[in-house]
Structure formats: structure tokens, C-alpha cells
Amino acid sequence: MEDRRNHRVSVVLLALALLTLPEASARAQSHEDDQFDFESTTVVDTNSDAVIVEADAQGTIAGVDGSGGGSGCWLDPIGTIGQIFVDSFQEQWSNPDLFPFLLWCRQEMRGLVWLDMSGGNPVPALDPETIAMHMRDEIPVPSAEIGINPDRGLVGVESWFWIEGYDGSPIEESTNALGQLVEVEARVTSYEWSFGDGDTIAARTPGRAYPDRSDIRHVYQRSSAGLASGYPVEVTFAFDVRYRVDGGAWIELPGITRVAGTSYPVRESQAVIQQ
Amino acid sequence: MTTRGRTLAVGGVLLAVLAAGLLAGFLALGNDGGSSGTTPTTSPVSPSETPTDVRAQVEQAYLEAWDVWADALLRLDPSRLPEAFTGRALQVVTDQVVEQRRKNEPVQIRAEHNYTITLIDAQAASVEDRYINHNVRLDPETLEPVEPDEETRVRRSFTLKLVGSTWKIAEIIEYQ
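Order-wise, the sequence lines are chains V and X.
If you're matching positions, the first sequence starts at 1 in my numbering and goes up one per residue.
If you're matching positions, the second sequence starts at 1 in my numbering and goes up one per residue.
Chain V with its partners taken away, still in its complex shape (with noise of 0.2 angstroms):
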């Protein structure tokens, strides 16, 4: 079995195509006068030299520096028949040029996939690093809002920052691929703060909440009048990401960012000399 396994399936998917339920339906409807048909929510496409996985990417982050963009899918190869339960001699079993695959996107298993191998290997292989990279894409990290204190701020006076909904704990996700764990985690190793006058700071930890003062100041010395909703005010997260495969050594992987933002108006106060 490890026999087969290793001769027939270097396996799996090249392409990881983005395809919106939008789009499947605005191609459903450049094709009306096909004959009608169950729409698809995943398209395997074996006419190509390699086989290329189309899913909707429920999930997706968008807007995150470093992904790769892609629907997180990819094929895994069955190598034991006991992975699966199978009724009894199928179809598809007693044909030698046809092998089972499980097809995965992100965290979840999407169904059963057979790719006729008649031809040869369809697919390029694709090792655990390159699922690795795609869970790095796709690690859920928490939402997170920037707090401030006071809430409008004030030229010349302090004003704190934290981070809020993230803790800046380790972020750590896993999947079975290939009969194998494949263990990401992403790490936080600092937080850059723009405080949208020009000013920055790099901190290592996500500030502390008020009433707490936080370690994470700035003093703003103009006002945010001419902008409409104040300072822009921004915290990169940078991580650093590392993954293992079967519990083994630590693997370091390229670094990914997150980013948070929010509008920060601070005005400026006039003394009044009252006799």
C-alpha cells in the first residue's frame, strides 16, 4: 500500500483559483443555452496539464499583507483504504487508473475527488511546506480594535493606546494533509504604531487598557482639524510563522502582518482668562 501510495500520487493541486459564487453564476448564465444542470460550488478541472481546483473561499482574509490570495484548497491523496469506508467493489475501485483524493479547503473536507492517473500525474506534488503556506495565509487571526483613552484627544496631553480583542497570544492552526500533521503557528513579535501625524513607535506588547496606563503614549502637538475623521491611526502586527510536520522540528516559514485602524480626532483647547 505504501507502494501505491508512493508511486501514484505525487499528487495534488496546483492552482488554488478564487471563484466567487458570483462569478459562478454570471458563467452559468453566459452558457444558457447549455442544457440545465446543477450548478457546482467546486470545479475540478482535469483538461489542463495540471489539475486545477476552483472553490469559493469562504474565509478568505482580504486585505492582509502577505496572503497569497489563493482558496486555501487543496487535494489529499487517500493513501490506505481504510481512510475511507467503501461499500463494497466499486466502480471506480476496480479501475486501476483512477485513485480517490479528499479535497480540502482550509479546515474542511469538501468531498471525495477521483482523477483518472491514466495519463500520468496530473499534478505537481505539493509538500507539507506548501500547505503550511497556505494555512499561514489563511490563520485566522482575531479581530482587533485599537482603544484609546481619552476618547477625542487633546494637543499637549497624553494619549494612551491599546489593542483590544487580541491578547497577542500564539495563533495556532492544524490540518491532516497528505496523512500527515501539519501544525502552523504564528507568533506576534512586535506592533508597529503609525499615529497618523508622522509619528511611530515599535512596541512588543499590545498596550494595556484603561484605567491601566497603557505603555503604548503619544502626545499629539496639532490638531486633527482639516481631517475629517482625525488621525488615521494604524497597529501593524508582525508575526513570525513556523510549522511542523508530525510533531517534529520547527520549520520557519516567511512572516505575515495584520493590520488595525481606526480614526482618532484630537482638538485643541483654548484657555479662557476669566476676571
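These aren't lab readings, by the way, just hints derived from the structure by calculation.
Check the hints yourself; a few may be wrong.
[Stated by the list, open to error] Across the chosen pairs, the derived CB separations fall in these ranges:
(1) Asn176(V) - Val154(X): 25 to 33 angstroms
(2) Asp246(V) - Glu83(X): 41 to 49 angstroms
(3) Glu99(X) - Leu181(V): 37 to 45 angstroms
(4) Val154(X) - Leu181(V): 31 to 39 angstroms
[Stated by the list, open to error] One side of the interface only, derived from the structure: several residues of chain X facing chain V at Cβ under 7 angstroms:
(5) Ala89
(6) Val92
(7) Gln96
(8) Lys103
(9) Glu105
(10) Val107
(11) Gln123
(12) Ser126
(13) Asn133
(14) Asn135
(15) Ser157
(16) Glu171
(17) Glu174
(18) Tyr175
(19) Gln176
[To be verified] Chain V stretches covered by chain X per the calculated footprint, using a threshold of three residues with CB under 8 angstroms from any CB of chain X:
(20) 35 to 43
(21) 109 to 118
We treat Cβ as the ideally placed atom computed from N, Cα and C, and that holds for glycine.
Got chain V; can you put chain X on it based on the hints?
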């Protein structure tokens, strides 16, 4: 793959299939023994008992999903689709029925099925169907076909997932 490799591979597969088949035979007592189904057509949904055998449950759910889909496209009413579809598949078929309703174009669904069922785990099953598509669009007034039956041969894999106690089509995988 080398000839030797392929021979070994095929031999391994056959041995494994034999083992799995025997196991299946034991586990699926009461089953008719075959997982391939050839069903000539779809028909309106009728109440039916739920079989105790998992494979039979999947098969029944799959065929009933076709019936629900057919009924929705004939009446241009998507309201019953959630009974048989879930997730992305539900979204796709609902969009499809809504679009046909917008065009006031009912469709008669009929297929000659030739499917195999594979239980992936306790919550998921796959039905690979190589069916002959006899679907035709209908005149909304007379419900007579407005196009010929092209009898297209289609290959699709349907993933069914167990939602509560009901198997529903969750994914529709198309081969091109």
C-alpha cells in the same frame, strides 16, 4: 508509475478492496450488497421511512434531494430546498431557482443515475454520479418543453453531510 509499481499498486488496491468489501459486508447486513445505483429518473417527493443502514440513508437522501430540487424548479419555489441541501450547495441551488423564477422559466428535471456511494466518515459521504441529464426548460403556461432533450452525460461528485439526523447535499463537485 512503472509497470511493476502499477502492478503492485493495483494488487494492493484489490487486496485492500477485498478486505474492505468483506468488512462492509459484515457491517452492512441487510443491505442489498451493492453500492452502485442505477435509477432511471426522479419523481415527486413522497413520504418514506428512514432506513437504518447508513448507506441506504445516504442513498435515500441523495435521491430525495434530486426530487426536492426538481420540485423547486418545476414550481419555481425554493422554500423546500433547505430540507435536502445545506451550506454552499443550498446557496447555489437556491440562487438557481430564484434565477429561474425571475425568468419565469420552469425546468423539468429528469436524470438516469449511475452512482456509487462512499462513506467518508460518520458525518460525511460521497455520491459520485455519472448520470444522463434529461433536463429541459419548460413553457411557463403550457409546461411543455421549449428545447430538446440533449441527453448530456455528466459526472459529478456530491458530498452529503449529516445535519442533525438528516443527510443533506453540502457540496457539488464538477469535473471538467
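Requested in this report: Enumerate the violated hints, using their earlier numbering and listing them in ascending order.
Outcome: 8, 9, 11
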